[in-house]
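J.: Spelled out from the first residue to the last, the chains are:
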Amino acid sequence: MASTMASSANASSNKKSSAPSSSTNNANVIKRLQSELMTLMLSPTPGISAFPSDTDMTRWSATVLGPSSTPYENLTFKLSLAYPSNYPYAPPEVLFTTPVYHPNVDMAGRICLDILKPAGKGGEGAWSAVLNTGSVLLSIQSLLGEPNNSSPLNGEAALLWDRDQVEYKKKVLARHQEPAELEANGS
Amino acid sequence: MEESHYLNCKSRAQNYNPPVDLRLLDYVSIYDNNLMCAICRCPFVDPVVLSECDHVFCRDCIRQSWNSNTSYTPLGPRGDCPTCRTPAKLGPRSATSKILVNLVDELVVHCPKRDDGCKAEVRRCEVQDHVNIYCGYTVIECTDDDCTLPVRRKDAAQGCLHFGVSCLSCHKELQKWKLEAHWRSECADRRVHCDMCKSSVFYRDLEAHRKEACPAMSVSCPGKALGCTSRSKRGHAELHAKSCTFAKLAPVLLKQQERLDEQEAAQKEMSRKLEVLEGGFQNMQGILYPPGVETSQRSADNSLTPSLQERLFGSGTAESTTPTGTAAGYDWTESAVDEDAVSPAETMHTAFSSATSPRQRAAPLPPGPRPADLPEPFSSDFDIASPTGFPPPATNGGPYASPLHHLLSMHESLRDEMTRVSSALSELDGRHSMQILNENLRTREEISYLAAQTAGLQRQVHWLTSSALQRQQGRSPTPGASSSGAGGAMMDAGAGAGVEAAVGAVSTAATALRGAARMVNVGGNGSGSGTGTGMRRGTSEEGRTKL
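These protein sequence lines are chains A and B, in that order.
Heads up, the first sequence is in UniProt numbering, so the first residue is 1 and it goes up one at a time.
Heads up, the second sequence is in UniProt numbering, so the first residue is 1 and it goes up one at a time.
A few of these clues could be false.
Cβ-to-Cβ under 8 Å is the rule here; a few derived chain A residues that face chain B [claimed, not checked]:
(1) 28
(2) 32
(3) 36
(4) 129
(5) 142
Rather than coming from a laboratory, the hints here were simulated on the basis of the structure.
Where a beta carbon is used, it is the ideal one built from N, C-alpha and C, also for glycine.
One chain only, chain A, in its complex shape:
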């Protein structure tokens, strides 16, 4: 069933000139991402924004504002999202491009969050096909303020979160780089 659908979608995507260069990607994925983009544009969530890259519809970059009354207050974080070809049945790959000091984020920006793992594999993952870019970014934003300290990627941060919030905030600010300076450094 799935294979026939995929083939039909591929056949029609070849006809469709509106689809970007990524001919290997499922036209349905593009369609769904366009729909999500439309939703994000028409009814934006405060503190969250996302936009696809110029060339590839399945690679987005997003911006999340640190939630207020947390150590991440007033800080801006950039993320990159990559959607697999079987999206939305598999979760997008989300990474922080801004350095973040957080119990559930490692040095490379990988995020330990249950909804970002495919469901059914060992019962840990909680990805659901109804989740979308907006809800994923919202979850990440709330994760910033409420870290899951039971399974930390950054153990030091988890310990410090419980022990010393002032020191924790210092570490957060030391690690953080505003997108502008990140660009200046990166290039």
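Got chain A sorted already, so can you dock chain B onto it with the hints?
T.: The following block gives chain B in isolation, referenced to the frame of chain A:
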């Protein structure tokens, strides 16, 4: 006609037209969000309701969602509801009510061949039939019996179109049946409508038209660089330009900016030249003053000024040629150190000057104003000579007011160097002559010492010979000594001859010494004094240490 055609070739048309994917359709109007599947975010396609939570999804969506999660379920499709995570399954009667199906089927969509030119808008439930039967842009097999190539349905009646033609506009070779599509979306010379101003332009000129000509395009004010932020349509840009002061100023300022840039470039070139020249000068200085000498030269510069002053003072005092002159000179320096405090020296001086004749007091300048205007007579000389007038070239390589100044300062420093070298030379000369003098003294003493010793020896030998002669004279008349007289005389004669020889040797040595002393040019003195050798040795030692 289309109906009959459908009957003829429906089976073959299926090959070129796969079933329409309803999720890829574009909807004519905005649909209710409640009709949207949460998974594919399209209006439901074959909606189903979950058994436990009543959430509705497309059948394909929920199946694929569950398929990708659970590898195999023997009890048929089941899993958690993607929305509320309630364990659910698709029962035999999971189809939703007919009303929802009708709602989504009634939605009006564009024909999927819209990009090819079909303008049909049909209900979603009919779109498959439209594509399969009616749409003129659907690709079917050629009606010609010998030809199996595809052709669009609306062109099928024209017979086989599979022969080569070339586009009249761009001369591209292609088959006839593709020509229309080529004109529609490929040919570079096709007419397209600018979506801003609605005018018809060639596709290849579209970009240029948008950039430069399109009157509906929004352009910024010509004075944008000066700070005008207004943007207006190209058609109205001139109106704005008439009222905008920035736009009026723009050409003038632009020209000025151009000139500025030009001059800046010229200045850059000049500064580079200057740099090269300065580098050359620095190199020259490096050759003239190696780094080790530099500091001593500077100190020499500093030391030069007071010495010069002293010299000038000296000439000033020499001018007066009176004993009070020196006193006055002393007084100037004293009052230069502290003017207001009445020092004992000054009182002494006043007493002294009052004691001298009034003529002398009038001759030198009064002590008060003198220190103030003292440098004045020499100011012109000082300006050039003093290191403060111009920065010494070695200390800071900063820019000079002009090359002339630079040369002057170079000249000045060269002159300083000359005086320094000459003073060093004279000092060296003095030291050298002093050394020669000391050496001479020592040699002289040495010679005189030797001469004294020789004289002593001479005297001794003299005494010895005289005593020997006395003994000979005393023994020859006495007969008692005749027994051994011959032998003794023989011995004495031998001794006497030896003594004579020794005396001769000593005297020759003395003459030789004298000659040496004469050569040293102090021989006359040296030979004259033959006493106090010990003391002389002491002085000679002293001379050696002094050396």
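J.: Hint by hint, say whether it matches the structure.
T.: Okay, the hints, checked on the actual structure:
1. 28: Residue 28 of chain A check passes; min Cβ-Cβ to chain B is 6 Å, inside 8 Å.
2. 32: This interface hint holds because 5 Å falls under the 8 Å limit.
3. 36: With a minimum Cβ separation of about 7 Å from chain B (threshold 8 Å), the hint on residue 36 of chain A holds.
4. 129: Nearest chain B Cβ about 4 Å off; hint holds.
5. 142: Violated, because the Cβ-Cβ distance from residue 142 of chain A to chain B comes to roughly 18 Å (cut-off 8 Å).
Checked against the numbered hints above, the structure breaks only hint 5 and satisfies the rest.
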